[in-house]
Structure formats: C-alpha cells, structure tokens
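Asker: Sequence:
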Amino acid sequence: MEQKPCEANNEELLSSSGITSNAGSSGPFFMPSIRGTIIENTSSTGTLTQIPFFPKYEVELDSHRKVIPYPGKEHIERVLEEYSHQVKDLQRRLNESNELHEKQKFYLRQSVIDLQTKLQEMQMERDAMADIRRRESQSQEDLRNQLQNTVHELEAAKCLKEDMLKDSNTQIEQLRKMMLGHEGVLQEIRSVLVDFEEASGKKIYEHDSMSTLHFRSMGSAISKILRELDTEISYLKGRIFPVEDQLEALKSESQNKMELLLQQHQDRIEQLINEHEIEITGLTEKASSARSQANSIQSQLEIIQEQARNQNSMYMRQLSDLESTVSQLRSELREAKRMYEDKIEELEKQLVLANSELTEARTERDQFSQESGNLDDQLQKLLADLHKREKELSLEKEQNKRLWDRDTGNSITIDHLRRELDDRNMEVQRLEALLKAMKSECQGQMERQMAAIQGKNESLEKVSSLTAQLESTKEMLRKVVEELTAKKMTLESSERTVSDLTASLQEKERAIEATNSEILKLRSRVDLKLQELQHLKNEGDHLRDVQTECEALKLQMAEKDKVIEILRQQIENMTQLVGQHGRTAGAMQVEKARLEKEVGDRRLELQELKVCGLLRRSSFGNSCVPRSKDDLIYWTGLLQG
Numbered sequence: 312m313e314q315k316p317c318e319a320n321n322e323e324l325l326s327s328s329g330i331t332s333n334a335g336s337s338g339p340f341f342m343p344s345i346r347g348t349i350i351e352n353t354s355s356t357g358t359l360t361q362i363p364f365f366p367k368y369e370v371e372l373d374s375h376r377k378v379i380p381y382p383g384k385e386h387i388e389r390v391l392e393e394y395s396h397q398v399k400d401l402q403r404r405l406n407e408s409n410e411l412h413e414k415q416k417f418y419l420r421q422s423v424i425d426l427q428t429k430l431q432e433m434q435m436e437r438d439a440m441a442d443i444r445r446r447e448s449q450s451q452e453d454l455r456n457q458l459q460n461t462v463h464e465l466e467a468a469k470c471l472k473e474d475m476l477k478d479s480n481t482q483i484e485q486l487r488k489m490m491l492g493h494e495g496v497l498q499e500i501r502s503v504l505v506d507f508e509e510a511s512g513k514k515i516y517e518h519d520s521m522s523t524l525h526f527r528s529m530g531s532a533i534s535k536i537l538r539e540l541d542t543e544i545s546y547l548k549g550r551i552f553p554v555e556d557q558l559e560a561l562k563s564e565s566q567n568k569m570e571l572l573l574q575q576h577q578d579r580i581e582q583l584i585n586e587h588e589i590e591i592t593g594l595t596e597k598a599s600s601a602r603s604q605a606n607s608i609q610s611q612l613e614i615i616q617e618q619a620r621n622q623n624s625m626y627m628r629q630l631s632d633l634e635s636t637v638s639q640l641r642s643e644l645r646e647a648k649r650m651y652e653d654k655i656e657e658l659e660k661q662l663v664l665a666n667s668e669l670t671e672a673r674t675e676r677d678q679f680s681q682e683s684g685n686l687d688d689q690l691q692k693l694l695a696d697l698h699k700r701e702k703e704l705s706l707e708k709e710q711n712k713r714l715w716d717r718d719t720g721n722s723i724t725i726d727h728l729r730r731e732l733d734d735r736n737m738e739v740q741r742l743e744a745l746l747k748a749m750k751s752e753c754q755g756q757m758e759r760q761m762a763a764i765q766g767k768n769e770s771l772e773k774v775s776s777l778t779a780q781l782e783s784t785k786e787m788l789r790k791v792v793e794e795l796t797a798k799k800m801t802l803e804s805s806e807r808t809v810s811d812l813t814a815s816l817q818e819k820e821r822a823i824e825a826t827n828s829e830i831l832k833l834r835s836r837v838d839l840k841l842q843e844l845q846h847l848k849n850e851g852d853h854l855r856d857v858q859t860e861c862e863a864l865k866l867q868m869a870e871k872d873k874v875i876e877i878l879r880q881q882i883e884n885m886t887q888l889v890g891q892h893g894r895t896a897g898a899m900q901v902e903k904a905r906l907e908k909e910v911g912d913r914r915l916e917l918q919e920l921k922v923c924g925l926l927r928r929s930s931f932g933n934s935c936v937p938r939s940k941d942d943l944i945y946w947t948g949l950l951q952g
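Start counting the sequence shown at 312; every next residue gets the next number (the working numbering).
Any given hint could turn out to be false.
Below, in silico cross-link-like pairs of lysine to any residue (SDA-like), each with a Cα-Cα straight-line distance of 25 Å or less [to be verified]: (1) 399 to 385; (2) 488 to 831; (3) 548 to 560; (4) 747 to 571.
Ranges of calculated distance between the beta carbons of each label pair, as one might list FRET restraints [as the list claims (entries may be wrong)]: (5) 818 to 490: 52 to 62 Å; (6) 678 to 818: 52 to 62 Å; (7) 571 to 818: 25 to 35 Å; (8) 916 to 430: 44 to 54 Å; (9) 702 to 849: 51 to 61 Å; (10) 818 to 539: 17 to 27 Å.
Since the hints were made in silico from the structure, they are not lab data.
Even glycine gets a Cβ: it sits at the ideal position worked out from N, Cα and C.
With these hints in hand, go ahead and build the complete structure from the sequences.
Answerer: Here it is in structure tokens:
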C-alpha cells in the first residue's frame with residue numbers, strides 16, 4: 312500500500328531526467344541508461360532514500376564515454392529492462408496481495424465481530440429462553456395448583472349453592488307471607504284514603520275511585536293529598552301574612568300616635584307651666600289691685616281661648632273646664648282679698664313642690680324616653696328578627712314547594728316543616744309575650760306619668776281622652792290579637808290534622824319502606840347468587856383459556872427449540888468458515904513471505920548487474936568484476952559510501 316507514491320516519484324524522476332526504456336534514442340552511450348535504471352530501482356524499493364549522484368565519477372565516465380565502447384550493451388539493457396519489468400510486476404503483485412490481505416483481514420475481523428455479536432445474542436436468547444421455560448414451568452405448576460384450588464372451591468361453592476338454594480326457598484316462603492302482610496297494609500292504606508275522601512268530600516282521582524285504585528298509583532294519590540294539604544297550609548299562611556302586615560301597620564300607627572301624644576303632653580305640660588307662672592305673676596299683681604288681676608285673668612283667658620282655637624276638637628273639654636275654673640275664680644276673687652296672703656304662702660309652697668315635681672317629672676321623662684328608646688330598639692330588633700324569620704319562612708316555603716314536586720322526600724319535608732312551624736310558633740309566642748310585657752311596661756309608665764301629671768295639675772285631666780284613645784287602640788289591638796289567636800287556633804287545628812295525616816302516612820311509609828327493604832334484601836341475595844354463578848362460569852371459561860394457552864405455549868416452545876437448533880447449525884457453519892478464513896490467511900502470509908524473498912533476490916541480482924556494468928565501464932575493466940556475493944556487497948558499500 313505504501314509503494315504507489317514511490318512509483319509515482321520514480322516516474323517523475325525518469326520523466327525529469329529524460330531517460331526511457333530505449334537507450335538508443337538518447338545516445339549511443341551506456342552510462343546514462345545505467346544511471347537511470349539504478350535510480351529507478353532504488354526508488355522502486357519503497358525506502359524513499361535516493362542514491363546520491365557523484366559528479367567525479369560522472370566526469371570520469373563522461374571522459375571515457377566516447378573512448379571505450381562496450382560490445383554487450385544492448386543485451387545488458389534488455390536484461391535490465393526485463394528485470395525492471397519483472398520487479399514492477401512483482402511490486403504490483405505485492406501491493407495487490409497486501410491490499411487483498413488487508414481487505415481479507417478487515418472482512419475477517421468484521422465477520423469475527425459479527426459472529427461474536429451473534430454468539431452473544433444467541434447466548435442471551437438461550438438464557439432468555441431458559442428463563443422463559445423456567446417461568447413457564449413455574450407458571451404451569453402455579454396454574455395446576457390454582458386449578459386444583461378452584462376445583463375444591465367449586466365443589467365447596469356447589470355445596471354452598473345447594474344450601475343457599477334451600478335457604479332461598481325458605482326465604483321465598485317467608486317473603487310470600489310478608490307479601491300477604493304488605494297486601495293487608497296496602498288495603499288498610501286504601502281504606503284510610505277512602506275515609507279521607509268521604510271526610511273531605513273530594514275525590515283524589517275524578518275518574519277512578521280509591522276502592523278500585525291500583526296499588527302502584529297509591530303513592531301518587533298520597534303525594535296528591537299531601538300537595539293539597541300543602542296548598543291549604545300555604546293558603547292559610549297567605550291569609551296570616553296580611554293580618555301580620557295589618558298588625559305591623561297598627562303597631563307603627565300606635566307608635567306614631569304614642570309619640571304624638573307624648574309630644575303633645577310635653578307641649579301641654581310646658582304650656583301649663585307657663586300658664587302657672589303667668590297665673591302666679593297675675594296673683595302677685597292681684598295683691599296690688601283686683602282690677603289688674605281680673606284684667607290679667609281675662610288676658611290669660613283670651614290667651615287660653617286662642618290656644619284652644621288652635622288645638623283639636625279633642626281639647627274642647629279642657630276649654631270648658633278652664634271656663635268653669637275662670638268662673639269659679641271670678642266668684643272666688645271676692646274672697647281672694649281675705650285669703651290672698653294665705654294663698655300666697657300656699658302658692659309659694661306649691662311652687663316649691665311643683666318645681667320639685669317638675670324636676671322629678673323631667674327625670675322620669677328622661678328615664679321614660681331612655682326606656683322607650685330601649686324598648687323601641689328592642690321592638691326594631693324583634694321586628695327585624697320577624698322579617699328575617701318571615702323571609703326564611705318564604706324561602707323555606709319555596710324550597711318546600713320544590714321538594715313537594717319531587718316524589719321521594721314527602722314525609723321528611725312535612726316533618727321538617729312541622730318542626731319549623733312549631734319553632735316559628737314558639738318564636739311568635741315569645742315575641743307576643745315580649746310585646747305584652749312591653750305594652751304592660753308602657754301602660755305602667757304611662758299610668759305613672761298620668762298620675763304624676765294629674766297630681767301636679769288638675770287641668771291635665773285632658774290626658775284621659777288620650778288614654779281613652781289609647782284604650783281604643785288597645786281594644787283594637789286586642790281584637791286583632793284575638794283574631795290572630797283565632798287564626799292561630801285554626802292553624803293549629805289544621806296543623807294537627809296535617810300532623811295526624813303525616814303520622815299516618817309516615818307509619819304507612821315505614822311499613823312500605825320495611826317491605827321495600829326486605830324486597831331489596833331478597834333481590835340483593837338473588838343478585839349475589841347470580842354473581843356467584845357467573846363467577847363460577849367465568850372461572851370455567853378461564854380454565855379453558857388457560858388450557859388453550861398452555862397448548863399454545865407448548866407449540867411455541869417446540870418452534871423455539873427448532874429455531875435454536877437452526878441457530879446452532881448456523882454457528883457451526885460460521886465457525887467452519889472462520890477456520891477456512893484462518894487457513895486462507897496463513898496461506899496468504901506464506902505466499903507473501905515467498906514473494907518478499909523473491910523480490911529481495913531480484914533486487915540483489917539487479918544490484919549485481921548494476922555494479923558489474925559500472926565496473927565494466929570504469930577504468931578497472933574485467934579484472935575488477937566481483938566473483939562472489941561478498942564482493943558485490945563490498946562494491947555496493949563503496950558506491951553508497
């Protein structure tokens with residue numbers, strides 16, 4: 312492989328030196344051809360070391376080139392050409408043999424590597440097949456054990472099945488008895504529904520009567536009755552709501568009236584205080600002169616009359632009383648001169664008492680205002696709670712209506728509504744008690760204030776008219792409360808009827824649920840039996856599938872054994888091929904050594920011929936021709952030195 316560039320270099324040297332195979336074209340001399348062949352042979356050896364040119368010998372040879380002609384020149388040239396051609400052929404053959412040897416080595420290595428990989432793969436496959444066989448044998452043993460266990464289980468299940476069939480027969484008889492009892496219960500429910508139709512005078516179904524109604528449609532009939540009862544309850548509640556609104560309106564009106572009355576009382580008390588002060592000043596003036604006193608009294612009467620004109624018709628009694636008091640005062644004026652001084656002292660004492668009572672009244676008024684404010688806050692809180700409860704009741708009513716549309720939760724929703732109604736009734740009773748307590752407190756406070764006002768001044772008897780109005784409002788409230796109580800009694804009676812009906816329905820539903828639960832239990836047992844039978848069938852199918860899989864695995868094992876034998880044969884063939892390739896490689900190496908030996912011999916012969924030619928052309932002549940191989944080596948050493 313490395314001699315191709317050497318040959319290219321030799322050809323370049325020959326082309327550059329102008330030497331060809333025919334020496335006659337360059338001249339009649341022998342020395343240039345010898346020099347060209349020596350250079351060609353030394354370059355063809357592949358050592359890449361060129362023989363140095365010696366100008367001294369060239370000069371000597373050129374000097375003798377024309378003097379000494381050699382008679383065997385053509386023969387030697389032909390021999391040299393033949394040797395050179397033979398050397399080229401040998402080199403070409405050597406290169407080809409080297410290339411073939413290297414290619415064979417490369418292919419052999421590749422084939423050895425492929426064979427090794429295949430061997431490894433085959434070993435891996437063999438190990439995998441061994442593992443698979445071991446696992447399959449283990450799985451077959453496990454399957455055998457499982458099959459034996461399943462056989463035992465099937466036998467036990469068969470015994471259990473027979474026992475369960477006996478139990479199921481006994482249970483079926485019991486169920487028949489239970490069904491007869493359920494039929495009796497359903498007949499009782501039908502009789503209750505017929506009694507309800509007769510008592511209410513309404514038919515549940517227009518076309519069918521309850522005596523001929525089927526058992527399956529009893530649930531819808533009961534749900535229809537419950538819906539009707541719910542509509543009646545909602546209607547009664549709808550009648551209660553406007554009454555409650557009227558109550559709230561009356562309460563608000565009574566509160567407004569009370570506030571107005573209190574304001575009027577306060578204004579009247581202030582006016583009366585002012586009047587008392589004016590009267591006291593008038594009396595002090597009357598002490599000086601009766602005329603001025605009378606004039607002051609007349610002015611006071613005129614002032615009182617002007618105030619009475621501005622007041623409502625409710626205060627006419629007060630004006631008549633004041634006129635009577637004025638007339639009495641006129642009659643008493645004559646006697647006032649005598650008792651004036653005593654009255655002044657008494658009036659001063661009364662002023663002190665009035666001032667003390669005014670302070671007490673103001674303190675009581677402040678306390679009453681605070682208490683009224685607290686009571687108003689409590690009332691507002693209670694009203695807000697009532698509104699919230701009413702909203703919650705309305706929301707719960709809507710939810711109950713939605714629930715009534717459903718078929719399943721009738722009894723539960725009725726119980727829930729009944730409990731909530733009881734809770735709401737308790738809350739209403741509590742609120743009514745609070746209202747009564749507050750009313751009693753208000754009445755007590757009003758009575759106290761009225762007593763205090765009546766004790767302070769006899770002219771405050773006009774409050775009686777206000778109390779009469781309060782009593783009228785109280786009577787109105789009492790009437791409303793009595794109406795509410797009557798309505799509550801009707802509601803309670805209706806709720807009792809509903810509760811009785813719901814209780815009866817619940818009992819019937821419990822009986823139906825008990826029957827349904829027993830039927831479901833029996834169905835579940837039957838389903839379990841069917842599932843066990845299906846499980847047994849599936850296990851039998853699984854056993855059949857396992858048997859078919861075992862047979863398929865056996866077939867696969869046989870096929871894999873065949874494949875393994877084929878692979879073993881291929882491995883043996885490949886080992887034989889490897890041995891043949893090894894033998895061919897040894898023969899090629901022997902042939903290569905032989906060719907290299909022949910090339911060495913040819914080179915030595917060429918060198919001998921070259922040395923002989925050089926010596927013959929030199930001045931030494933024939934006497935210096937090498938007679939042995941040692942002489943040839945000596946002369947070649949001299950040439951190279």
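Asker: Next step is simple, just say for each hint if it's right about the structure.
Answerer: Now the hints, each set against the structure:
1. Distance check on the hinted pair: residue 399 and residue 385 sit about 21 Å apart at the alpha-carbon level, within 25 Å; holds.
2. Between residue 488 and residue 831, the direct Cα distance comes to roughly 16 Å. Compliance with the 25 Å bound is thereby established for this hinted pair.
3. The suggested pairing of residue 548 with residue 560 holds, with an alpha-carbon distance near 18 Å, which does not exceed 25 Å.
4. For the hint linking residue 747 to residue 571, the alpha-carbon distance of about 21 Å falls within 25 Å, and the restraint holds.
5. Taking the beta carbon of each, residue 818 and residue 490 are about 19 Å apart, not inside 52 to 62 Å as hinted.
6. Hint check: residue 678 to residue 818, Cβ distance near 59 Å, so the stated range 52 to 62 Å holds.
7. A hinted range of 25 to 35 Å is violated for the C-beta pair residue 571 and residue 818, which are about 58 Å apart.
8. Between residue 916 and residue 430 the Cβ separation comes to about 51 Å, which falls inside the hinted range of 44 to 54 Å.
9. Checked against the hint of 51 to 61 Å, the pair residue 702 and residue 849 passes, with Cβ atoms roughly 60 Å apart.
10. In this structure, residue 818 and residue 539 meet the distance hint of 17 to 27 Å, their C-beta atoms being roughly 20 Å apart.
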